[in-house]
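Undergrad: Residue strings, one per chain:
There are 2 protein chains.
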Amino acid sequence: MDIAHELSVKQEQASIAEFFEKNKHLLGFDNPVRALVTSVKEALDNSLDACEEASILPDIRIEISPSGKDEYRIVVEDNGPGIVEENISRVFGRLLFGSRFHAHRQSRGQQGIGISAVLLYSQITTGRRMNVISKTTEGEAFSINMSMDIKKNSANIHNRKKVKSEKKSGTSIEVYVKGSYTLGKYSILSYIRNSAVVNPHASITFVDPNGEVHTFERCSTVPPPVTTEIKPHPYGIEVGELLSMFQKSRNKTVSEVLTYELYGITNRILNKLCSVTEIPADTPCSKIKRKDAEKMTRELREIAIRLPSSNCLSPIGEELIKKGMNREFESKFTVTYTGKPGIYHGEPYIVEVGLLYGVKGSSDEVDILRFANRTPLMYQAGSGAIISAVKSVDWRSAGFDQRGGKGIPYGPGIILVHVASTNIPYTSESKDAIAAVPEITDDIIKGLIYCRNKLRTYVTKKSSVEKLKEKYEIAEIIPEMAAKSASLVSDIVPDSSLTVSRILNAIVVEKSIKTEENEKFIVITIKNVSPKKQKFRLYSESAGINFGADEKGIVNGAKIVWDVDIEPASVERYTYHNVPEGEGNINVYIKGLPVDMVIGADVI
Amino acid sequence: MDIAHELSVKQEQASIAEFFEKNKHLLGFDNPVRALVTSVKEALDNSLDACEEASILPDIRIEISPSGKDEYRIVVEDNGPGIVEENISRVFGRLLFGSRFHAHRQSRGQQGIGISAVLLYSQITTGRRMNVISKTTEGEAFSINMSMDIKKNSANIHNRKKVKSEKKSGTSIEVYVKGSYTLGKYSILSYIRNSAVVNPHASITFVDPNGEVHTFERCSTVPPPVTTEIKPHPYGIEVGELLSMFQKSRNKTVSEVLTYELYGITNRILNKLCSVTEIPADTPCSKIKRKDAEKMTRELREIAIRLPSSNCLSPIGEELIKKGMNREFESKFTVTYTGKPGIYHGEPYIVEVGLLYGVKGSSDEVDILRFANRTPLMYQAGSGAIISAVKSVDWRSAGFDQRGGKGIPYGPGIILVHVASTNIPYTSESKDAIAAVPEITDDIIKGLIYCRNKLRTYVTKKSSVEKLKEKYEIAEIIPEMAAKSASLVSDIVPDSSLTVSRILNAIVVEKSIKTEENEKFIVITIKNVSPKKQKFRLYSESAGINFGADEKGIVNGAKIVWDVDIEPASVERYTYHNVPEGEGNINVYIKGLPVDMVIGADVI
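Protein sequences appear in the order of chains A and V. Under the numbering used here, the residue at position 64 of the first sequence is numbered 1107, and the numbers go up by one with no gaps. Under the numbering used here, the residue at position 242 of the second sequence is numbered 1285, and the numbers go up by one with no gaps.
Check before you lean on any hint, since a few could be wrong.
For chains that are exact copies, the list does not tell them apart, and a pair is met inside one copy or across any two.
Unchecked claim - Listed below are the simulated SDA-like cross-link pairs for lysine to any residue, each with C-alpha atoms no more than 20 Å apart in a straight line: (1) Lys1330 x Glu1299; (2) Lys1195 x Arg1133; (3) Lys1434 x Asp1407; (4) Lys1112 x Thr1320; (5) Lys1334 x Gly1111; (6) Lys1195 x Gln1154; (7) Lys1195 x Asn1561; (8) Lys1112 x Glu1284; (9) Lys1315 x Glu1304; (10) Lys1112 x Lys1332; (11) Lys1195 x Gln1054; (12) Lys1449 x Asp1407; (13) Lys1194 x Arg1133; (14) Lys1195 x Gln1056; (15) Lys1554 x Asp1606; (16) Lys1338 x Ser1110.
FYI, nobody ran anything at the bench for these hints, they're computed from the structure. Keep in mind that this is a model prediction, so the values were computed, not measured.
Just chain A, same shape as in the assembly (with noise of 0.2 Å):
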């Protein structure tokens, strides 16, 4: 027997369950204190995605308690929709099975792999099983016991009953896995605090291994909007999977597939590419060569096709952005950007960036917090799209310190980045980062060169704006010095406004609280310190929750308007009404004054 016949003995196929067996280090298990987060973080997206489906706001509860050496339980618990009874064995106990795999749409789980995974990496480490409770409203609660067949990639169901539940839908799965609890940077508790931060409609409560309860309250009662899917974009469609569709579609003609299975298809578009191509709209699909395709794929690029519109989207919005980060760290500046929704091998996808200057005791690298479809990237961090777009940028003209204008920056920074798709090119199914996709990098490079740019004409400007604050600061004490120098000589206390309007020369605006009747109130008061009337606009936002306003604000949705009018060395005050207890970290902007005539609000 030769080599070639020895070796073709040993050649057998694998099931993708055994793939991930022997690589379980791809699913985010290379290491206990890891395998813990993955196993939290896979159940804890597979709520949060089930409760957004069905438009539930979530409560979900985790538990992690210690269950042997460095074993743990845990317990995930919410009031998603439910999943019925035969399927729960296939969603927990089958790899690549589920509902999303081909839908395009966003969500958190896209690969029918991450639950399932965590039920395979407690069966390797523990050898103990799963258990799953689940109701859906129609249904009886039902409780189902199983291990997972590895070489079949199937559910072995052990134990199933019926069992009470005072809940109207839910689910909660109970797994035991080998792991190490600890805090810090990359703990669980970090992980939930930051899809808290990402996900404001949600309430989680965490139980953590010591008893400790650790709350996160939503604090929106919005959920976000039901994505919708669409149909694949012919922007990214290659020539083999157009060949392939026209091969297996039940649709007769190369209208019809054109038209129904793919997005943005119009008539004009079709006889356009039907004309260029010689290839006539009423060709039978059996007729369509590779040549075909080919032809029709090359030139569907060059014709003009309207992006998808963003609601199969559900990015996170500026205001959330801002919100999430000034909650968590103070700073001296703030902003955000938003993306035009863009397109990578047919997927749609949406940048949203943050930036934070002037964080307290940081001149270390600055903090890079990386979001996908609403959830906190954690490991690999030094890799992936998000990454390396931050380290090609320049920042030096921007306040931070950066070798060669290259490199992650260092200085009292913290930049967020978000991406949202139908489609997230994760670099591994452990999801911790997103592949340098040219398309989405250089989105991600747009938004932080803008972020960038905002940043520097601050920081340039900052010391003409520090320098009006010296000058307000001195020109406060003019009137008191006048009150005092004229006491000295006569009882009548000459009107120096008007003097100090001169040396300043700006609008003074100021933010504070008041409670009466147990409403609360936010004040923005409005001091014009210069010589002249000014007319501008102050302009609010909340965060998407609704305040009401004075009789003189325009409220739309969560924005406010008010249309200023003020005369020299007055005063005016304009009033947010309804505030909500815990709310009150609103930002204010004025536009229609230079910048270096504001002190206290953003000027846009």
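Since the structure of chain A is provided, determine the placement of chain V on it from the hints.
TA: Here is chain V on its own, set in the frame of chain A:
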């Protein structure tokens, strides 16, 4: 119908091929440049593996030619053992099919994904088929034309015929992919060059898309030893895995399973284990419960079990690393390190490190060359065990610039790290980076620190050596000056050599190459420029190539040792015979002298 039932309708099973069709970036196909590199890489790695398994010196020919807009035809031909006809379509047309999946031994391919992923990508992007011609030594040559059924993860054979072949055995594949051909750091040429560095036994010819032929001749005629398969090591066995072994084994008792299916379980170890856990050795497998497996797993980690011998691994070797690095880069200092074989999750591994210092014109970030199982890692350069190990070492004491003693150091250095293992824990299927498994990361850090310390010694001693060189240069003029001065007054030239020797106090080593009657020699000249007789050992290694030596040299494989005993102010010569053409770049060391006394050789 409630939401749960609506969702259940959409829940379905995807095949592994569908999974990778959707996530082709996981396989290294995330942009056109990389797609072409990945395609070549997978084919080349496959050929090198096949030859290695059959102990054949590889002759590989790679040809890339444009075949359309953004499309290339790739042909890779080897002289490996070939593939038996009925397996050809499975090896190339199915994911997770192969001979190496369950084998515990070192090879480049380990997942059964690489080459079939190339077919998948080819089909998606071009709609074309793959053609494979293969011949085994005992069989005829077959040509098979195929595509992949993605839904089923299996091959469709379109054409299959016997063809004529002059070869003894070998495989040739032809595949078309969408891609972009470039030059530079991340190019195909660079991949092939780096592969040649760590596979000196391979001869590779590359015809680029412009028709230019690049030849990488083998510089060693010794194929790497065939690695042997080993049984899993008990240190890596998890509770669930051990339990599953008992449940599925054909062996009947605990003692049979443990001794036949695990590595290194001697009778002594078995007896100890059985007595500590109170599980008799003759317990039938069926009686073993989870709790028993838990006890055994815990105890197995406490018992000293011998580490696997390194013959399941194929490290590059320190000399070959030095040679490879010195061939590519000119530097002033080289140091290498080979770790002891270790175990992670039951898989043996070994770490090799090389460090070059004083590379010309480099004050930027140090270059980090990463290799795993003799394969260059090119992408995801910012992540993984190697990069995080480099970043965690404080390089400042060794002449590098590094902010706060953390992060990638700056300076004229090149770091090479090679990890060899029976199962490299890659961070993704595209095999770009090694996951930061604690055991491996720690070993890399150990190697880096070893090299850094050697470099630190060199850097701190360099100044004294530089002074020595200066003295030498001055000293060399003394006899001349003496002669000239003497000629002015008389014609007797005084012997100034002892004076010079006193000033200098050094051993000078010089290397020269000469050719006589078609035989090439390397001559090592030793000058004792010290006032005393010196005894030391002259030592050399020639990177696996056997030279001859003069009668004074003791030849031991590729190592030659001379015991030198040299009078003051005298010269000795040592000669290598039979040096092959293209060789001569050997390393010479001296043992038994202080560092600051030697010019022209490394002191070890």
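Undergrad: With reference to the structure, classify each hint as holding or not holding.
TA: Each hint tested on the structure:
| no. | hint | verdict |
| --- | --- | --- |
| 1 | Lys1330 x Glu1299 | within (14 Å within a copy, 63 Å between copies) |
| 2 | Lys1195 x Arg1133 | both (12 Å within a copy, 19 Å between copies) |
| 3 | Lys1434 x Asp1407 | both (15 Å within a copy, 15 Å between copies) |
| 4 | Lys1112 x Thr1320 | between (67 Å within a copy, 16 Å between copies) |
| 5 | Lys1334 x Gly1111 | between (62 Å within a copy, 11 Å between copies) |
| 6 | Lys1195 x Gln1154 | both (19 Å within a copy, 17 Å between copies) |
| 7 | Lys1195 x Asn1561 | neither (62 Å within a copy, 65 Å between copies) |
| 8 | Lys1112 x Glu1284 | between (50 Å within a copy, 17 Å between copies) |
| 9 | Lys1315 x Glu1304 | within (18 Å within a copy, 67 Å between copies) |
| 10 | Lys1112 x Lys1332 | between (62 Å within a copy, 18 Å between copies) |
| 11 | Lys1195 x Gln1054 | both (18 Å within a copy, 19 Å between copies) |
| 12 | Lys1449 x Asp1407 | both (16 Å within a copy, 11 Å between copies) |
| 13 | Lys1194 x Arg1133 | both (15 Å within a copy, 19 Å between copies) |
| 14 | Lys1195 x Gln1056 | both (11 Å within a copy, 13 Å between copies) |
| 15 | Lys1554 x Asp1606 | within (17 Å within a copy, 86 Å between copies) |
| 16 | Lys1338 x Ser1110 | between (61 Å within a copy, 15 Å between copies) |
The structure fails hint 7 only (numbered hints given earlier).
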